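Peer 1: Residue strings, one per chain:
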Amino acid sequence: MSFKLFSLLVQASVWTIGISAISIAIGFLIALGLSAALLSGKALYRKPAEFFISFFRGVPLLVQLLLIYNLLPFIGLNVPSIVAAIIGMSLCTAAYQAENLRGGFESVPKGLIEAADMVGFSPRQVFVRVKVPIALRLTFPALVNEAIMILKSSSLVSVVGIVEITRMAQDLASSTYMPIEIFSSAALIYLVICWAVALAGRFGERSLPGAAK
Amino acid sequence: MIFDPNVILKHLPEIISGTGVTLALWIAGMLLGILIGFIVATLRRYGGRAVDLPLGFVVEVLRGTPFLIQIFLVYYGGPFVGLSLDPVPCGLLGLSVYAAAYYSEIFRAGYASVPHGHVEAGECLGLSRLQIIRRILLPEMALIVLPPSVNLAVILLKESAVLSIITVPELTTTVSAIGSQEYAFLEAIFLLAVIYWVIVEAAARLGRLAETRLSTFRFAAS
Amino acid sequence: HAEDVLAKVKAAGVLKVGTETAFAPFDFIDAGAHVGLNVDLFDEVGKELGVKIEWVTLPWEGVLPGLEAGKFEVVAGPATITKARMERYRFTAPIAEATVAILKKAGAPISKPEDIAGKAVGVGKATAQLAQLTEFSATLPSKVDIREYPAFNDAYADMAAGRIVAVANSLPNIAFVAKQRAGMFEVVLPPFGKKTYFGFVGRKDADYASLMDAIDAALIKMKGDGRMGKLQDKWFGTKFDTPDAVKDPAI
Amino acid sequence: MTLPAISVRSLVKRFGTATVLQDIDLDVPEGKVSCLIGPSGSGKSTLLRCLAFLEEASEGMITVNGEALGFFENAKGERERLPAGQIRAVRAQIGMVFQQFNLWPHMTALGNVSEALKTVHKVPKAEAEERAMVQLAKVGLANRAGHYPSQLSGGQQQRVAIARALALSPKIMLFDEPTSALDPELTGEVLNVMRELAAEGMTMVVVSHEIGFAATVGHQISFLDQGRLLFTGAPSEIFAKPRHPRLEQFLDTYLDRGASMLA
Amino acid sequence: MTLPAISVRSLVKRFGTATVLQDIDLDVPEGKVSCLIGPSGSGKSTLLRCLAFLEEASEGMITVNGEALGFFENAKGERERLPAGQIRAVRAQIGMVFQQFNLWPHMTALGNVSEALKTVHKVPKAEAEERAMVQLAKVGLANRAGHYPSQLSGGQQQRVAIARALALSPKIMLFDEPTSALDPELTGEVLNVMRELAAEGMTMVVVSHEIGFAATVGHQISFLDQGRLLFTGAPSEIFAKPRHPRLEQFLDTYLDRGASMLA
Ligand SMILES: Nc1ncnc2c1ncn2[C@@H]1O[C@H](COP(=O)(O)OP(=O)(O)OP(=O)(O)O)[C@@H](O)[C@H]1O
Ligand SMILES: Nc1ncnc2c1ncn2[C@@H]1O[C@H](COP(=O)(O)OP(=O)(O)OP(=O)(O)O)[C@@H](O)[C@H]1O
Ligand SMILES: [Mg+2]
Ligand SMILES: [Mg+2]
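Protein chains in written order, with the numbering used here: chain A, 52 to 264; chain B, 10 to 231; chain C, 215 to 465; chain D, 134 to 396; chain E, 134 to 396.
Source of the hints: derived by calculation from the structure; they are not laboratory data. Take these hints with a grain of salt, some might be off.
[Unchecked claim] Taking lysine to aspartate or glutamate pairs in the EDC-like style, the calculated list, with each CA pair at most 16 Å apart, reads:
#1 E:Lys-251 / B:Asp-13
#2 A:Lys-161 / D:Glu-262
#3 C:Lys-437 / C:Glu-258
#4 D:Lys-251 / A:Asp-168
#5 A:Lys-55 / C:Glu-301
#6 E:Lys-165 / E:Glu-329
#7 C:Lys-408 / C:Glu-328
#8 C:Lys-409 / C:Asp-439
#9 C:Lys-408 / C:Asp-439
#10 C:Lys-461 / C:Glu-258
#11 D:Lys-251 / D:Glu-262
#12 C:Lys-461 / C:Asp-421
[What the hints assert, rightly or not] Short derived list, chain E residues pointing at chain B, Cβ under 7 Å:
#13 Gln-219
#14 Arg-221
#15 Phe-364
[As the list claims (entries may be wrong)] Some residues of chain B that are not near chain E, with every Cβ distance over 10 Å (derived):
#16 Leu-40
#17 Val-68
#18 Val-70
#19 Cys-133
#20 Ile-145
All figures in this text were calculated on a predicted structure; none of them were measured in a lab. Built from N, CA and C at the ideal position, the CB exists for glycine as well.
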């Protein structure tokens, strides 16, 4: 396989990495809100969050993307490809991350929260200063796992017209008719990216404040 | 927009058979994956570095590359190295190996979650290693292993759609074929969304049920 | 929505065309660039209409939903014109013949279409070519072992892997494949089955009629002045004689 | 006698149908050390947590320096919940030290002690840390300010927890078995800090199994059993014979294990 | 004097480069109670774990009733590992009770006690459970047989752990701080069971902070400090003055906290 083809794949990986990174970040923020809603005593917050998670975990990402890209125009929102891709991936990963974070929040030792109550924290300060950092520590490995999963799922965003690694590989395979070589190279590129994420995750875990050294 | 529900009714038998194939492959692949994953995790725990490192490498490769590409390479590349499999066995093998890589990590965490003292108590009483695994480690880790396993099952169900590229007649293949045959893409998307959602919701509920069962049985309030 | 689409396109100066890029030689990626017969044809259509062409490339499963959602005005598929499809979409004037022929693995003992009797032959799932192959198979002394693939590219891969010995697809496509992998695949002539044509896909809605008419006019004009023939020759190595319109498709 | 720092009247605490505290009346004298002793499950922790308003009493009233905590009696004589701001204001007079330390693992010792000053009291960072350092120095840990809890021994962690509570200058400190998670040699460090606080006249309520500490430092000892306050008095009274039979039995288990025969 | 139940010779234990036990010589007399005391980190648990072969000593020999445990000295005078079956046979004479109980949470008390009988000794289920009930009755828990560990108090859990070890009829019982995770009243339950065992002539090695227990029940007391055995002798000797200066200091921290002033 020529260097030229390989470099096309590498160029396409910019989309894979870019869209995944942005979606993971946005998804995380949404997931924080969702998990807070899940743990809220009020059904008014909890029920919609449960439904959100059920839907975005239950329906295949491919279908979600098609719906966002092709149904939003019917209500007058003609979103560009990249926006549709980021919305779809963010909402999907948010659903998974929220479930992880819920587990984390539930395992924050109650005593640490009581200690914060005792020194006068407001509920919001307790959330931001105590619950989030500790839940994050507890769920960090699971979140990194989810990041790798969504990175691999990003191959589906081609359905809204973005040529990322997998789509580029399919295009190249169909014009050169050398699918084995091209898909092997694509696999290698994914592997390198995922390994980098896993390594970064392990480093991040170790450098979280107060981690046992 | 055009939406014609008759398309769905007309092809009901194919849709049901596609759903059946997906369910069968998914469940079989998952069970095999759990079994292989458990064996891998156990070998990695007790086999020393010489076993742990190479297995760890394989697990990372399987986790680090998309299932679509793995299955493509095995099915279409396999014959070049003398491995020519039929679509369904190839799909089942691919799905269970992919699942095993992830399950092995879940079990690894499960092993780590059992306090070492519980193992030592077994050793002191003369239990053999196998007895310790079977009677102490496995039942004790069950509750910790369950939620991520359900999560993974959901992911596997969706990944099973990838088997369409090796001509396995599963749900996504069947429904999208109906879509392109009838030029009824919207109906196809809608149908896929609903069927997958129903299966995932059922799996999630089953998982939650198992979790409550296990936890009430084991940690009854004092 | 009642606004006339042609007027809108002209006002914007841009015609958006959706397609998938894994369908050589109509649309494909060569050295990173989107090229093919469709690209050249729409360049000319754009000139006729006085608008620029903007491509939206999607995997095939996203293309027709995109058309219905108004992501683009027309699909440069192209698709074989069939009766069933005409019920849902409007096709443009044909741009090439779509009659089905056999692509075989080099050296396979197939010298005429009838030789595929009893052999394993691949074809795209739910395609017009599948219907043709099935029909053809019924006329043979022993049935063809028909294998269906989600995409023709997977069928070619499986022919390389040796599970099948031939693939049935429209002549323009397999001619291109044979040219690309000379020595590996060969075309078996003549084509079999009924004469069919490729056309571009558009919407039947009334507000789209003027646009579809304008595209038809442009295509027929190009056929008349020989530009279409030249492009067919460039991409297929041969010219096709196509009618101005297909009113009653053979399949 | 001055006004008690905390006064508890007819307090009842139920969890579901189980009554865990019954009809508790207790005055905690200002500037003195009050100890709560009693067998396991007798309700000591629950009572202390009610004083910190970490549990809401089911009935009865608690006043802190004359101000109602959590609930007040309205004109009609009904119990009514106070607004959150007011609860927080009264609770600000109270510092609590937990059995399990409950230090925030993602902050250094200095961070743990200065955090509330910064976020709750809006003290500028530099000043907050300076004040935190003073408290850490007081518990002998100035040189450990930059360590995370995971890098500190149990005794050191508990001293940081004390410094954290002291940093907000509470009038009253509550301790729930502050040494029972520590092993014997680490216990000494913490008890010494508490002794110093007592000497400085801090009002303290201590749930303790350290009968030695209770006997030497406590000014008042209360004995709880099955949710009832059976006895409150000076150490000399409580250890003098004849005693309440239940208390007698309880102290016996200690003496049995004690080191009295070792001297 | 009869043969010691356990004899330890020139035992050294290293973790990586850290030497945790140095040159330990110890005889555990048969039918007697030997106590190990010493400050935190001195190596008490490690020594006990070596006796149970949960840790492998780096150097030296351990014999149990005359049989080598884990390693033996071959003809060339080299240390060689024994086959797994033989190790298991020697270890079968030893029962261990852990500080953290280490009960299996997914089995009832009865399940915990009968498990090894069923799986290791292949005793039929009915008989195994009958024998387990006898042991549970011995520690006063016959009426708790169907409870899961999470439904038992700390003292009850520790007694189940003792019953679990006793069910296999070991000749020697090792206890690692059997009461330090318990509160004072629960401690009593467990110490009483141990006293009974001692009275029956069970050979016992107890790591304990319960100096009272060591002094009254122990026949032999050994004092460890920084991995060295500084002193072994009868209680009367160890508590008599003048003592080793390190031991003096160690006992002081206890007396300081003790209940000697309460009588
Ligand atoms: N959240 C709760 N729900 C139900 N019962 C509870 C709860 N918290 C405590 N209890 C019960 O209340 C009683 C008193 O508990 P508390 O923790 O106050 O005892 P304690 O005197 O502090 O005991 P210990 O010395 O063991 O700490 C116990 O019987 C306990 O089981
Ligand atoms: N697995 C290990 N790796 C490295 N060092 C260890 C390990 N286990 C114990 N140590 C070290 O060995 C020393 C002795 O530990 P040990 O647990 O035997 O002390 P101990 O006397 O039982 O103390 P305590 O009274 O606190 O239980 C300690 O300094 C400890 O840090
Ligand atoms: Mg308590
Ligand atoms: Mg120890």
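Peer 1: Does C:Lys-408 pair with C:Asp-439 here, judged by a C-alpha cut-off of 16 Å?
Peer 2: 28 Å, violated
Peer 1: Check the hint pairing C:Lys-437 with C:Glu-258 against an upper bound of 16 Å on the C-alpha distance.
Peer 2: 11 Å, holds
Peer 1: Does D:Glu-262 sit within 16 Å of D:Lys-251, going by the straight-line distance between their CA atoms?
Peer 2: At roughly 9 Å apart (the allowed maximum being 16 Å), D:Glu-262 and D:Lys-251 satisfy the hint.
Peer 1: Would you mind confirming whether the straight-line C-alpha gap from C:Lys-461 to C:Glu-258 stays at or under 16 Å?
Peer 2: 25 Å, violated
Peer 1: Is the straight-line distance between the alpha-carbon of C:Lys-408 and that of C:Glu-328 16 Å or less?
Peer 2: 15 Å, holds
Peer 1: For A:Lys-161 and D:Glu-262, compute the direct alpha-carbon distance and say whether it is at most 16 Å.
Peer 2: Distance ~26 Å between A:Lys-161 and D:Glu-262 Cα, so the pair is violated.
Peer 1: So is B:Leu-40 really clear of chain E, every C-beta pair being over 10 Å apart?
Peer 2: B:Leu-40 clear of chain E: closest Cβ-Cβ about 23 Å, beyond 10 Å.
Peer 1: Holds or violated: C:Lys-461 with C:Asp-421, Cα cutoff 16 Å?
Peer 2: Not satisfied, since the Cα-Cα distance of roughly 21 Å exceeds 16 Å.
Peer 1: With a cut-off of 16 Å on the C-alpha distance, tell me whether E:Lys-165 and E:Glu-329 pass.
Peer 2: 12 Å, holds
Peer 1: At a threshold of 7 Å, is the proposed contact between E:Gln-219 and chain B supported by beta-carbon distances?
Peer 2: 13 Å, violated
Peer 1: Hey, C:Lys-409 versus C:Asp-439, does the alpha-carbon distance stay inside 16 Å?
Peer 2: With a Cα-Cα distance of about 24 Å, the restraint between C:Lys-409 and C:Asp-439 is violated, given a limit of 16 Å.
Peer 1: Hey, is B:Cys-133 genuinely clear of chain E, shortest beta carbon separation above 10 Å?
Peer 2: Given a closest Cβ separation of 4 Å, the condition is violated.
The earlier numbered hints that this structure contradicts are 1, 2, 5, 8, 9, 10, 12, 13, 15, 19, 20.
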